Amino acid sequence: MTKKFFLSTAWLFFLSLSSISNAQPSSDLSADFQEKVKSISAELRCLVCQNQTIADSNASLAIDLRNQVSRMLRQGKSEQEIKRYMVERYGDFVLYDPPVKWQTWALWFGPFLLLVLAIAFLVSSQLKRRAEPDSDFNPANREDLRALLRGDKDQL
Amino acid sequence: MRKYLLPLAVFVLVAIFLWRGLFLNPQEVPSPLIGKSIPEFSLPKLQEENSVVTSETFLGKVWVLNVFASWCTPCLDEHPMLMELASQNRVMIVGLNYKDGFQSAADWLGKHGNPYSAVAVDIDGLVGMDFGVYGVPETFLIDKSGVIRYKKIGPLSSTEIQDELLPLVESLQ
Amino acid sequence: MIPEIGHFSIILALWVSVAQTLICFGGAVRSSPRLIAFPRYSSYVIFLLTLAGFCCLATSFLVDDFSVLNVASNSNSQLPWPYKLAASWGSHEGSLLLWVLMLSGWMSAVSLFSKQMPDEMRSLILGVMSAIAIGFYLFMLLTSNPFDRLLPPAVDGRDLNPLLQDPGMVIHPPMLYMGYVGFSVVFAFAIGALISGKLDSTWARWSRPWTTAAWCFLTVGIALGSWWAYYELGWGGWWFWDPVENASFMPWLCGTALIHSLSVTEKRGSFKIWTVLLSIITFSLSLLGTFLVRSGVLTSVHAFATDPERGVFILGFLIVVIGASLLLFAWRAPKVGLGGNFNFISRESALLANNVLLVVAAASVLLGTLYPLFLDAMGLGKISVGPPYFDAIFFPLMAPAMFLMGIGPVLRWKNAKTLELATKLKWAFAISLVSAIIVPILMGGWSVFVSIGLLLGFWIVVSGLVNLLEQIRRIRMGSERTIFQVINSLPRSYYGMLVAHFGVAVFIFGVTLVKGYEEERDVKLAVGGSVELSGYRFSLASLDDLIGPNYNGIKGTVFVHGADGKLVSTLYPEKRFYHVQSMPMTEAAIDTGFFRDLYVSLGEALEDGSWVVRVYLKPFVDWIWGGAFLMALGGLLAISDKKYRSKRRSVPNQATVSS
Chain Y
1 MTKKFFLSTA
11 WLFFLSLSSI
21 SNAQPSSDLS
31 ADFQEKVKSI
41 SAELRCLVCQ
51 NQTIADSNAS
61 LAIDLRNQVS
71 RMLRQGKSEQ
81 EIKRYMVERY
91 GDFVLYDPPV
101 KWQTWALWFG
111 PFLLLVLAIA
121 FLVSSQLKRR
131 AEPDSDFNPA
141 NREDLRALLR
151 GDKDQL
Chain L
157 MRKYLLPLAV
167 FVLVAIFLWR
177 GLFLNPQEVP
187 SPLIGKSIPE
197 FSLPKLQEEN
207 SVVTSETFLG
217 KVWVLNVFAS
227 WCTPCLDEHP
237 MLMELASQNR
247 VMIVGLNYKD
257 GFQSAADWLG
267 KHGNPYSAVA
277 VDIDGLVGMD
287 FGVYGVPETF
297 LIDKSGVIRY
307 KKIGPLSSTE
317 IQDELLPLVE
327 SLQ
Chain P
330 MIPEIGHFSI
340 ILALWVSVAQ
350 TLICFGGAVR
360 SSPRLIAFPR
370 YSSYVIFLLT
380 LAGFCCLATS
390 FLVDDFSVLN
400 VASNSNSQLP
410 WPYKLAASWG
420 SHEGSLLLWV
430 LMLSGWMSAV
440 SLFSKQMPDE
450 MRSLILGVMS
460 AIAIGFYLFM
470 LLTSNPFDRL
480 LPPAVDGRDL
490 NPLLQDPGMV
500 IHPPMLYMGY
510 VGFSVVFAFA
520 IGALISGKLD
530 STWARWSRPW
540 TTAAWCFLTV
550 GIALGSWWAY
560 YELGWGGWWF
570 WDPVENASFM
580 PWLCGTALIH
590 SLSVTEKRGS
600 FKIWTVLLSI
610 ITFSLSLLGT
620 FLVRSGVLTS
630 VHAFATDPER
640 GVFILGFLIV
650 VIGASLLLFA
660 WRAPKVGLGG
670 NFNFISRESA
680 LLANNVLLVV
690 AAASVLLGTL
700 YPLFLDAMGL
710 GKISVGPPYF
720 DAIFFPLMAP
730 AMFLMGIGPV
740 LRWKNAKTLE
750 LATKLKWAFA
760 ISLVSAIIVP
770 ILMGGWSVFV
780 SIGLLLGFWI
790 VVSGLVNLLE
800 QIRRIRMGSE
810 RTIFQVINSL
820 PRSYYGMLVA
830 HFGVAVFIFG
840 VTLVKGYEEE
850 RDVKLAVGGS
860 VELSGYRFSL
870 ASLDDLIGPN
880 YNGIKGTVFV
890 HGADGKLVST
900 LYPEKRFYHV
910 QSMPMTEAAI
920 DTGFFRDLYV
930 SLGEALEDGS
940 WVVRVYLKPF
950 VDWIWGGAFL
960 MALGGLLAIS
970 DKKYRSKRRS
980 VPNQATVSS
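Chains as they are written, first to last, in this note's numbering: chain Y, 1 to 156; chain L, 157 to 329; chain P, 330 to 988.
The hints are all genuine.
Residues on chain P that point at chain Y, a partial pick, calculated with CB under 8 Å:
#: 1; residue: GLY566
#: 2; residue: LEU704
#: 3; residue: GLY715
#: 4; residue: PRO716
Calculated from the structure, these hints are not laboratory results.
All values reported here derive from a predicted model rather than from experimental measurement.
For glycine and all other residues, C-beta sits at the position ideal for the given N, C-alpha and C.
Looking at chain Y on its own, in the form it has when it is part of the complex (with noise of 0.2 Å):
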């Protein structure tokens, strides 16, 4: 980032301030450009209003980070570094989709983690009572005796 960058870029958006919103609406650029745009602001949080992707915000911070994506998608840079830039600046926060670290090793395995040790218990616990005699019986099993006598409904 030179000086001479910084110096070019801001002149640029001097002449942007006279327009009541600086949105950039790249009716000039092509739709794939836009796509590639939308689906990265989509992932990135605006920390102004909190709840919504900078994607979605209309708020002035979330325009400002917006056509930063799209200067640098335009420069060349991959999706990676882009992210990489917002998270130099504001931290984790940024992100939607939360990087894998140590830190959210629980949040990335937890699920799986958690479906399996389900299934393992779930498992065992049938084992172990295949070992002992079916003894319970139910009232309610009289009304499927009589519905298997008569012969219908008894899969219902």
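With chain Y's structure known, arrange chains L and P on it following the hints.
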């Protein structure tokens, strides 16, 4: 059987965190820049059109960077504290005029007083973005080697200046 | 005067609830017939008192009584009257009053429809419900009184949040609350069962319609919220995994597991402990949702104005209710008994697998929602957990459950043969697979994600049909009835299941196709300009000034022409500026179609008079909510099954029964 205690145990754990959560502020976003050098920048200086304020201008000094704007209401709330702080001459205060205009900023300072040794004008907010600014006002404390040591989000209160900022300034001098 | 009457009614309701709770639990201990009869009537009294309180609040809103703080904060003289009414539950305090109104309503309903229930059981259930009510009345009276006065009165009110000034927003909270509160019934049943140590399939039969009813309301409530977000917020999204959305979705997931679990407990006497636990968990999640919205612990677009003091109270309440019920569970669950055994391949195990998947999904949603809080509380930094996480976790968990939906109804109870299963379903699978591959190609682009979604959707539909055909054939073989008679003879609860599952399939189709094929364009348009999207041409014909009852703004006229040049629709997107709260609002204009929505919204105005306009093509998006409503319809069908109504008649018919 002890396995039936499991749901209760899980709930207790969750409840502890919820309790802790009542005393936190989920909306405050801490800065990842604390302990890092300030980003490079070079911005026009207010009321001295041909000068610039750069990231190197204040090296060797302990200084405060206060992000403000003439359209920002809470900035007005903290302004008297800044004037007070400036009059004490203990630390240099530099203003970062964020997404504002040269004239409006000058007028605002003329009207309310100018606590700043210098004001850098960030018209498009890009330098603010490099500092991780997401609202106004915000205040940074920067040490002699240009490393950010402290960030305050929102207007500074006199208690915060007394209890947090000034002691830190002292330790860095 | 009226607010004071309302206030007093609530205080009285609190006292009657205390009396009811004490008598219910005391009466159960002493078995005194008079004490046991009391709760039935006190429930009605509590409901009437609460209703009186609610009417007083509503009246204050309707007559613009700005000496009531709640009215001054949430209403305005220019607000159209239906929204004034809705504003009575639009605030934290008012919504609590709605909560407690519904709770007393459900309690009265249980009282009314439980004539055949043993008295001790009814007593316990009503006692638990009134105990919960005590907590809410206390919370309201001590920290969140909707009848607080504002003196001197305000000249005019601060208006209802413009986002809430919408028909969808008016019905969404009552539907949701009917759901949340409705789960308190099965919760009370569960606590009653744990206390008495008696849990059998008759217990399940009694609690099932109540649970299904609550589930229906919650389904509709969530669907309405999603639909509202879609047409109101202006960018075509319909689910954000926002903390408060999750707070409603978790009880829904567990509630779905619960209604399936209850069916097993009713028919087979199995899953008893699991059903009891699920009843407690589902209602606990409803309460947790109440906490999350009001405590300020999580940021959310939905959150009410927050106040840590209130948060402490609710958390305390949560700890007491949930802690006590889980403690009771740990202590008494073994008494309840385990129920019948079943094979690894059987309908029971399919339903158990479905339950596990649903509960793990709910737990994952909880994990994701609370994780930022966990890390922050431990000083490990702040992160955000959003749609990328939830989408990545939720869909893989749900996909097997969807697959099971096709298999479950076809499996035999207790002991099924895999070979038999495969034979019945192989054609269903083949048809589903072929359709899933062909449709994306017809839609214009093939992708794995779309195909998998479609496969699951078709699978549910086709296997459901296979099941139905098999039932009809089997019954016809055993008797001389016509097809029509056979169809009529199948119980409504069976059709309820089919319709609800079909609704899930429709929902899956909607989600898959809209995510796979939606298109969007953001352009700068001046009057006379136009933009093309997927064969449609959107032309901005004019921009006119707009004056409304409590807002003004700009209304655009957009003509939409199809690929053949014919006019498809005229849309009027608006940008409104509400005076009192100085808030700009987007009113999107949507052309709703069975197969697609055309969606236009005004973004921002630009200096040269043109506007940023967003146009969207959303294929099959209405199938999302259509599917949800079908699910609720299925639930309704199930509840209306005559087995829940004609119990009295059927009892004398069975000579040897001992109920």
